[in-house]
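So you can see what is in the structure, the chains are spelled out below.
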Amino acid sequence: MLKRLLLLLALLALPVAAHAADMFGKPDSPPASAAAEPTAPPAAPIEQRPDVFAPNLPEPFRSALSSLVEVQRQLNTRLRADLRDVRDQGGLAPALAIITISFLYGVFHAVGPGHGKVVVGSYFLSRRSRLLHGLAMSGSAALVQSVSAIILVGLLALVLEAGSSEIMARAGQLEELSYAAICGLGLWMAWGVISGRTCCEHHDDEAHDHHEHDHCGCGHDHHHDHAHKPVAKPKRPEWLQVILTGGAVGLRPCSGAILVLLFTLANGIFWVGVVSTLAMGVGVAITVSVVSLGMVGLQRGLSAIGTERTHRLRQGLALTGSLLITLLGAVQLYGIWSGLVPAIAG
Amino acid sequence: MKRLLAAAVLSLLPGLAQAHPHVWVDSIVTAKLENGQVSALVEDWLFDEDFSATVLGDIRKAKGIAGPSKAPLNPGEIAKLKQNAFSNLKGYDYFTHVWLGGEVIKIKPDVEDFSARIEGDQLRYFFTVRLVHPVLPKGKPLTVGVWDDSYYVDVGPVKGKGAAIQGAGSEACHARVVEDKVHSLYYGSIFPQIAEFTC
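Those protein sequences? They're chains S and X, same order as listed. Take the first sequence: its position 26, counting from 1, is numbered 26 in my numbering, and each next residue is one higher. Here my numbering runs 1000 ahead of the position in the second sequence, where the first position is 1.
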């Protein structure tokens, strides 16, 4: 934890990246078309972008996603009203309302695209894991996400008195770091699978433990030797992998939280923003947990009905999942570095 | 081409998805009739409190935890606002998409009469977008959608009065807000509310 904090602090000391985003989440520099033709007469009309749009999402998905956006809009309006109440009147009631609304906002916000659900989902769909792993990854992702927003705004705005554009630019850097870390972790996971350290031994282990248990159970010696309890050996590399992956996903702070923090900071009620951000984090954790636990369950269901019981197949699946995560990190990193996608916190 | 490629990559990879939007704007679009034709669009954007406080905090540096003052903006501050939190939208046509009967109508690259003011906790922008060639929306409707393709910013018309038309001869014209089911946003899920003008 301390290490991660230090890393975060070190990052804040770095110069701001070139592909920073403005207040509208757009690259700070003019887009490629404008930059490519600096000699164009300024009076000429802008080359309007092609009139191409994505096809409508099929119903009922379209209505579902659009309702989700509407719910978020209403929660956001409500949150702002409550924040104003706390500022103008103070009191416990609006503060409690803020916590509730922030929590709900977190739940619904994380249902929409983003928030690392693909990374988390890929991980748990591609390998047999414990439910606790699912909770731990989701929880660490949400916690790190909240804390990174709080540290980012607290340190930059409160201590260094930086402007919001610099804060957004730093958030963009954290996003790049997050993708790089996801990419690296994906490779590490793949190595873990190939070397057989982190994957695909659950079945064997459990069988082995039971076996041992059966054998050792006969001796009921009264030594109360707790160290020899027949509990499955904790897989340290796997736990570390789970927590680190959550942390990598969460490194990228949520713009929603940053904006609430900046608003509360500007209104002298920063602590309310901190509480709100943490409550949002709990909400996000719940949604992402549902996804990860669902994937853990789905994976188990599939492996129960399928012939996916051979060690080699499980290994292959886990390897695919790891490489998919690497690819996701790499593509997103490429998107930012090539300027296709501005580095903004989602 | 690059944008198309980006759009393709974006839609193919849900991992790139961002949980949006983060900025909300209530808009009013007023078409201006000059010499019998629509020559310009006057836009009025009211920003949400978070965005307003953030942007205001940048131009009015407040020391420590006390927020920036809510005093009226002076011309210097308005110029700074334009530079900090508006001009960059030039590359995005100021989020303004114009069609005449479905055909794209070009707008001039620079806006006119940019101004801003503080209303309570909210920041409000006013500016005029000029059409390159004035048009008369007769037979074909002139439609104006104000939206951010990436949906980071959610612009929506003010309820009940998101569209208006002014100028000599505007009595014979109609302005209303309609749902655009062709240009959907946010992975094809949001039908933007657009202004429609007919004369």
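Rather than coming from a laboratory, the hints here were simulated on the basis of the structure. Bear in mind that the values here come from a model prediction, so they are computed numbers and not experimental data. By construction, the Cβ of each residue, glycine as well, lies at the ideal position given by its N, Cα and C atoms. It cannot be assumed that every hint is accurate.
Derived list of chain X stretches under chain S, where covered just means 3 residues or more per stretch with a C-beta under 8 Å from a C-beta of chain S [unchecked claim]:
#, segment
1, 1021-1027
2, 1049-1059
3, 1086-1097
4, 1134-1147
5, 1150-1156
Here are the computed lysine-lysine pairs in the DSS-like style, where the Cα-Cα straight-line distance is at most 27 Å [as the list claims (entries may be wrong)]:
#, chain 1, residue 1, chain 2, residue 2
6, S, K26, X, K1108
7, S, K26, X, K1138
8, X, K1161, X, K1106
9, X, K1138, X, K1082
10, X, K1140, X, K1106
11, X, K1159, X, K1032
12, X, K1181, X, K1161
13, X, K1181, S, K26
14, X, K1140, X, K1032
15, X, K1090, X, K1106
16, S, K26, X, K1106
17, X, K1070, X, K1106
18, X, K1082, S, K26
19, X, K1090, S, K26
20, X, K1082, X, K1106
21, X, K1108, X, K1070
22, X, K1181, X, K1032
23, X, K1161, X, K1032
Hint by hint, here is what the structure shows:
Requiring three or more residues with a Cβ within less than 8 Å of a Cβ of chain S, the coverage given for the segment 1021-1027 of chain X holds, as 4 such residues are present. Figure legend: the segment 1049-1059 of chain X, annotated as covered by chain S; annotation consistent (9 residues with Cβ-Cβ distances under 8 Å, at least 3 required). Evaluation of the coverage hint for the segment 1086-1097 of chain X: fulfilled, as 6 residues show C-beta separations to chain S shorter than 8 Å, against a requirement of three. Proximity of the segment 1134-1147 of chain X to chain S, defined as three or more residues with a beta carbon under 8 Å from a beta carbon of that chain, is not established by the 0 residues found.
Requiring three or more residues with a Cβ within less than 8 Å of a Cβ of chain S, the coverage given for the segment 1150-1156 of chain X holds, as 4 such residues are present. Taken as a hint, the K26/S and K1108/X pair is honoured in the structure, with Cα atoms around 20 Å apart against an allowance of 27 Å. Distance hint between K26/S and K1138/X is unfulfilled; the C-alpha atoms sit about 36 Å from each other, more than 27 Å. With a C-alpha separation of about 25 Å, the suggested pairing of K1161/X with K1106/X holds against the 27 Å cut-off.
Note on K1138/X and K1082/X: the hinted pairing is violated, with a Cα-Cα distance of about 35 Å set against a maximum of 27 Å. For a cut-off of 27 Å, the pair hint linking K1140/X to K1106/X stands: about 16 Å separates their Cα positions. Among the hinted pairs, K1159/X with K1032/X is consistent with the structure: their alpha-carbon atoms are about 21 Å apart, no more than 27 Å. Taking the CA atoms of K1181/X and K1161/X, the gap is near 20 Å; set against the 27 Å cutoff, the hint holds.
Between the alpha carbons of K1181/X and K26/S the distance comes to roughly 25 Å, so the proposed pair stays at or under 27 Å and holds. Using a Cα cut-off of 27 Å, the hinted pair K1140/X and K1032/X holds, with the two alpha carbons roughly 17 Å apart. Taken as a hint, the K1090/X and K1106/X pair is honoured in the structure, with Cα atoms around 13 Å apart against an allowance of 27 Å. For the hint linking K26/S to K1106/X, the alpha-carbon distance of about 21 Å falls within 27 Å, and the restraint holds.
For a cut-off of 27 Å, the pair hint linking K1070/X to K1106/X is broken: about 37 Å separates their Cα positions. Pair hint K1082/X plus K26/S holds up; C-alpha atoms about 15 Å apart against a cutoff of 27 Å. A distance of roughly 11 Å separates the Cα atoms of K1090/X and K26/S; the hinted pair therefore holds under the 27 Å criterion. Distance check on the hinted pair: K1082/X and K1106/X sit about 22 Å apart at the alpha-carbon level, within 27 Å; holds.
Between K1108/X and K1070/X the alpha-carbon distance is near 33 Å, which puts this suggested pair outside the 27 Å criterion. Proposed proximity of K1181/X and K1032/X is supported: the alpha carbons are some 26 Å apart, at most 27 Å. Pair hint K1161/X plus K1032/X holds up; C-alpha atoms about 16 Å apart against a cutoff of 27 Å.
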